[in-house]
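Participant: Sequence:
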Amino acid sequence: MDSRIKTPKVERVLLYQRHRRREYVTGTLCLTDRHLIFIEPTGLMETWVLYHHIHSVERQSLTTKGYPLVIETKTFRQLFMIIPRESDCHDIMDTIASFSRPDTYRELYAFQFTPSSDGFVKSSGWNLYDSVVEYGRMGVPNEHWVCTELNKDYELCETYSNTLFVPAKAEKSVVLGSAKFRSKGRLPVLSYYCQAKNSALCRSSQPLTYITRRSQEDEAMIQAIIDANPNSSSLHLLDSRPKINAVANKAAHKGGYETTDNYPNIVYQFNNIQNIHVMRESLQKLLEALHSPAGVSSVLQGLDASSWLRHIHLVLEAGAFIAKALYTEGINVLVHCSDGWDRTAQTCSLASLMIDKYYRTIHGFMILIEKEWLSFGHKFTIRSGHINSDSKEVSPIFTQFLDAVWQIMVQFPKSFEFNELFLLTIHDHLFSCQFGTFLGNNERDRKINKFSEKTYSLWGYIWSRLDDFTNPLFDNDTENYIMPKTEVSILSLWRGLYCCYETGPHPQELMEEVAGSLRQQNVCIQDHIKYLEQHRDSLEKQIKEYQECLSLCSSTTSTSEDVFTDESKDPSSSEPDGRAPLKGCNEKLRLESLNLRSLLLHVPEINLPWTPLRVASQCGCGSAFTFSKRKYHCSYCGTVVCSTCGSYHAPLRYLATSTTSHRVCKSCSKMSNISDQQILER
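Residue numbering for the sequence shown is 1 to 682, as defined by UniProt numbering.
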């Protein structure tokens, strides 16, 4: 046992669950080297919390029942426990603090994780993204844009990818000079190329203009970006920050912004997206409102006071502005904030998503994250708090991006190949540290720590379970360009994320879950129809053979009687040869009868109708259904099961020609292996 676990088990712990009828549940709290586990006395209900998910643990004032602990997770779960003894309470807090905030990467779960599936190999998913291939898909390089190797060893910019695309007119001195004039060396480079309009989306960090400082190389770089578009002589420069923040940075000699005096062909615009600190506080206010025991009106007031949806609105609005400029106006756009790895990643990703339907597929969305977030240096480890570091640098930037994507999905349900569970799974594993995909702060950091060699990739895991993440409503023939409404009044709270641990029956079924269930049921019925058609043909054939056999038996019986009459006169004669065909007919009739019985046994294999999803509050294993836990139907019995109990697949065992494997529960998977002969013998 790990020495950091001082008390591995605590009895008589009270767990308060707001969404259950009973206010408190008494049970046992177990502490392992990976999880905090609360087990109810019946053993049917278990609450598992991964240490890496835990954001904070707070001890409250002593009560008559014991010592209260409030545990909040990065995935928006809140657990309120009462520990009987103070010493146990202290030990639990120490254990959680030790495991939830490790000092090094090597202590993270990803370095010990071993998948249960043999088909999931460590290399799967790590080679998904190749910048040359992805930019080649966009039509780059071409006469306007080229690949530069100046950052091959990360000497130009440590936080960028080692493969960058810049304007063909930008000479080496211009590229080097521009990098020196930009914060953290993050010079303007190509993010997305809209081949249909010859327009380009570029990204960078803020210029180090200070009060009167300027750079001829940086100005030449901006002009080269403008010249790279033969259809336009200007450039939209979108600064994601509020103007007051940009002015403050300039006054404090921490950065600044471009002016039309030095950059004459730009159209400058501030987008007023707040910084990481405001976003962190906004999310905290949102969660306080959602966890409040007050009434609905107080929750709605808290939601409004948090300004969370207003922040989502501004991010979406910026993405929509970029998409319109690129696709409708055909004008190049340069986006930056302060350092160009937070708000810039959000807006560039959303704009690409609106313009290019490839990024709305499962594979394309993975590529989008790899390109805009991982290769361009979003600080995932720092922003997510993976290891012990400055808590003021933690911020829900990527969470905000996923929320914005979900808002678009709600408006265009047929335009996305992936479903809500796909986004929830990505968000969950952003913090779980189970995979190495989101570890590290940039490409160089990940290479130094050899994450691709020592950990598994989240993309490999998702690719091995594609059926779980596929949107049944997806139509690949939808428009390439979509433009969502971004008004605050249109947006809604993403309950599937922020209230994902609510349990019990839900009056509203998720449209994609219902559609998926109907598709699954339809496939089962189609297979069953094939079976019935085959057995109808078989039955017709059997009836014909039956009739022929009866006719033969009738003829044989008549002949046998004549033979027997003649030979019965001789007492020494043996059994007549005419009875042999009669025995053969009887045996054939008996076998045909077995085939008919087998047919009748197979008819009720498909149970219809299936249990409605909305009435199921928990699986047969005792696991409660939440927004984040997808429900499945067993294709045989029609009951609603969780992902674990519904992870079995089996073909309709009586349909030999079927290549379709259906999702079934554990009990039915055992039944699917029973042969016809075993059933007949029962």
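Take the hints with a grain of salt, since some may be wrong.
[Stated by the list, open to error] Derived PhoX-like pairs: lysine-lysine, alpha-carbon spacing no greater than 20 Å straight-line:
| no. | residue 1 | residue 2 |
| --- | --- | --- |
| 1 | Lys122 | Lys447 |
| 2 | Lys180 | Lys285 |
| 3 | Lys324 | Lys285 |
| 4 | Lys122 | Lys454 |
| 5 | Lys414 | Lys485 |
| 6 | Lys285 | Lys392 |
| 7 | Lys184 | Lys250 |
[Unchecked claim] Between beta-carbon pairs, the in silico distance windows are:
| no. | residue 1 | residue 2 | range |
| --- | --- | --- | --- |
| 8 | Ser61 | His277 | 41 to 47 Å |
| 9 | Glu171 | Gly139 | 21 to 27 Å |
| 10 | Thr478 | Gln284 | 50 to 56 Å |
| 11 | Ile448 | His277 | 34 to 40 Å |
| 12 | Ser643 | Glu143 | 48 to 54 Å |
| 13 | Arg106 | Ser492 | 25 to 31 Å |
Think of the hints as simulated: they come from the structure by calculation, not from any bench.
Glycine included, C-beta positions come from ideal geometry on N, C-alpha and C.
Participant: Hint by hint, note whether the structure agrees.
Facilitator: The hints, checked one at a time:
no.	hint	result
1	Lys122 with Lys447	16 Å, holds
2	Lys180 with Lys285	39 Å, violated
3	Lys324 with Lys285	33 Å, violated
4	Lys122 with Lys454	8 Å, holds
5	Lys414 with Lys485	16 Å, holds
6	Lys285 with Lys392	16 Å, holds
7	Lys184 with Lys250	15 Å, holds
8	Ser61 with His277: 41 to 47 Å	29 Å, violated
9	Glu171 with Gly139: 21 to 27 Å	23 Å, holds
10	Thr478 with Gln284: 50 to 56 Å	37 Å, violated
11	Ile448 with His277: 34 to 40 Å	29 Å, violated
12	Ser643 with Glu143: 48 to 54 Å	50 Å, holds
13	Arg106 with Ser492: 25 to 31 Å	41 Å, violated
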